[in-house]
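For the protein sequence lines, the chains are A and B, in the order given. Taking this note's numbering, I'd label the letters of the first sequence as residues 1 to 193. Taking this note's numbering, I'd label the letters of the second sequence as residues 1001 to 1276.
For the record, the hints were derived by calculation from the structure and aren't laboratory data. All figures in this text were calculated on a predicted structure; none of them were measured in a lab. Every residue, glycine too, gets a C-beta built ideally from N, C-alpha and C. Don't take every hint at face value.
[To be verified] 27 angstroms max Cα-Cα, derived DSSO-like pairs, lysine-lysine: (1) A:K97 to A:K75; (2) A:K75 to B:K1153; (3) A:K140 to B:K1040; (4) B:K1207 to A:K75; (5) B:K1153 to A:K140; (6) A:K118 to A:K50; (7) B:K1153 to B:K1207.
[Said to hold, decoys possible] Chain A is nowhere near these chain B residues, computed Cβ spacing over 12 angstroms in every case: (8) R1018; (9) T1053; (10) T1057; (11) D1065; (12) P1067; (13) L1196; (14) H1241; (15) L1262.
Chain by chain, the residues:
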Amino acid sequence: MAEYRLRTPISEDEARKLRAGDVIYISGVVVTARDQAHRRALELARRGEKPPIDLEGGVVYHCGPIVRQEGGEWKIYGFGPTTSARMEPLEPEFIEKFRVRVIVGKGGMFERTTEALKRFGAVYAQHPGGASALAVSSVKRVLGVHWLDLGMPEAVWVVEVEDLGPLTVTIDSTGRNLYLEVLEAARARAGKK
Amino acid sequence: MAAAAIRLPRDVREALERALEREESPLGRSILEAILRNIKVAEERKLPICQDTGTPTFYVEVGSDFPVKAELKDAIIAAVRRATREVPLRPNAVNPWSNVNSGDITGAGVPIIHWELVPGDRLRVRYLAKGGGSENVSALYMLSPAKGVEGIKRAVIDAVLEAGPKPCPPVIVGVGVGGGADAALDAAKRAAMRPLDKPNPDPEIAKLEESLLEEINSLGLGPMGLGGSTYALGVHIEWMHRHPASLPVGVSMLCWAARRALVEFDPDGSFRLIEP
């Protein structure tokens, strides 16, 4: 298990070097996107239009933050990860179309996303679920917000962070998926009982 | 609501600390350490423990001699609006047809309020802030009664395997048996809200709770479903009589951020925060 400090934009080589179990800290820009934002970005891309932000080499964070406007600026009060499973049907196409390099979330993703991460050279990293106050500590400032009509949790927040982490690489670009490995072993144990 | 968003009940905090002492998986340990650090940071910086501040759910026991009754619903809704602004909490009420967020945590049927009329002159309000990740893995099994206790245990294990990493484990597993479909799920959620240091008062049921806890943790799912011996901090069962033809089993899980509060009001309006 190695530890890496990554700065955005992240190259394909950097992402392919990461292995399941590695710990990473991310500095630079992360972009939040949940299911509604994934859906809208893909609808635009399918029509040949561009989403409002370039995601190549970027970090997508499955997160619906708590944000409050104070004196003309957005201030973040909650910045923990949401359950990534909801994005599973949309993520493979999202990775292909936008070439993101790190997806951050919690609860893991499944076969189709694992395949896409392998094919396009990206990883999935877990932020400890529920550890929102820790994540807030890494926030420097909100750079912008798009699609606020989707509501605060579903909008796309562009956030500058310093050392967001510790994040654990749980699905790497070699096809290893720690969640599926643990689940498979648990099912086998339950079956034996 | 503010206290519940920022501070965990003592029994949950202590259970997480004990889990760290026992957990042997290095990744599981690092997750539990991050969780405990997060609890500390949230309390110091007065930040919500988790960004998903949940669907506000209230269990209200109104004393028959408590002077305020019909106005309580509006008072609760006003409190939810104020807490959303002031803590702040995340606006978590979305219209299912238009997907428009109401902007606070009120809307059709939200907050969720359960009422009970009890003897006496006090008002007790129990509050639960339950996030979407744990709510999404709720399960209902309408078993054939012939499946018996073994069937009930299998249903709980199946619910855990289906939930896997999704509900932010370590979780508290609530099981509701009997009653009917809605009653079993309601009992399951109430069971999950019972403090971790309070086993079911019936020793036979308490034994079943203990053995289910061991069985769940021996599956090896661990914290966040990434391996280890801490998937559940506790298993709680509540039961009711069943219809001769039915054996409903409801399963409801609380994530480790089990944000409960309990407030008691005297008839003169003075109140005490009993937990957290």
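Right, here's what the structure says about each hint:
1. A threshold of 27 angstroms between alpha carbons decides the hint, and for K97 of chain A with K75 of chain A the separation of about 31 angstroms lies outside it, so the pair is violated.
2. About 46 angstroms separates the Cα atoms of K75 of chain A and K1153 of chain B, which puts this hinted pair outside 27 angstroms; it is violated.
3. This hinted pair checks out: K140 of chain A and K1040 of chain B have alpha carbons roughly 20 angstroms apart, not beyond 27 angstroms.
4. In summary, the hint linking K1207 of chain B to K75 of chain A is not supported, as the alpha carbons are separated by about 48 angstroms, beyond the 27 angstroms threshold.
5. For the hint pairing K1153 of chain B with K140 of chain A, the CA-to-CA distance comes to about 48 angstroms; that exceeds 27 angstroms, so the pair is violated.
6. Under the criterion of a C-alpha separation no larger than 27 angstroms, the hint pairing K118 of chain A with K50 of chain A is consistent with the structure, at around 24 angstroms.
7. A distance of roughly 13 angstroms separates the Cα atoms of K1153 of chain B and K1207 of chain B; the hinted pair therefore holds under the 27 angstroms criterion.
8. Residue placement check: R1018 of chain B keeps its beta carbon more than 12 angstroms from all beta carbons of chain A (closest about 18 angstroms).
9. T1053 of chain B, annotated as away from the interface, has a beta carbon of chain A within 12 angstroms; the closest lies near 7 angstroms.
10. No Cβ of chain A comes within 12 angstroms of the Cβ of T1057 of chain B; the nearest lies about 18 angstroms off, and the non-interface call holds.
11. Its beta-carbon lying about 40 angstroms from the closest one in chain A, D1065 of chain B satisfies the requirement of being farther than 12 angstroms from that chain.
12. Non-interface status of P1067 of chain B relative to chain A is upheld: no Cβ of that chain comes within 12 angstroms, the nearest being about 36 angstroms off.
13. For L1196 of chain B, the non-interface assignment is confirmed: its Cβ lies about 17 angstroms from the closest Cβ of chain A, beyond the 12 angstroms cut-off.
14. Every Cβ of chain A is farther than 12 angstroms from the Cβ of H1241 of chain B; the closest lies at roughly 29 angstroms, confirming the non-interface assignment.
15. Its beta-carbon lying about 21 angstroms from the closest one in chain A, L1262 of chain B satisfies the requirement of being farther than 12 angstroms from that chain.
When the structure is compared with the earlier hints, violations turn up for hints 1, 2, 4, 5, 9 and for no others.
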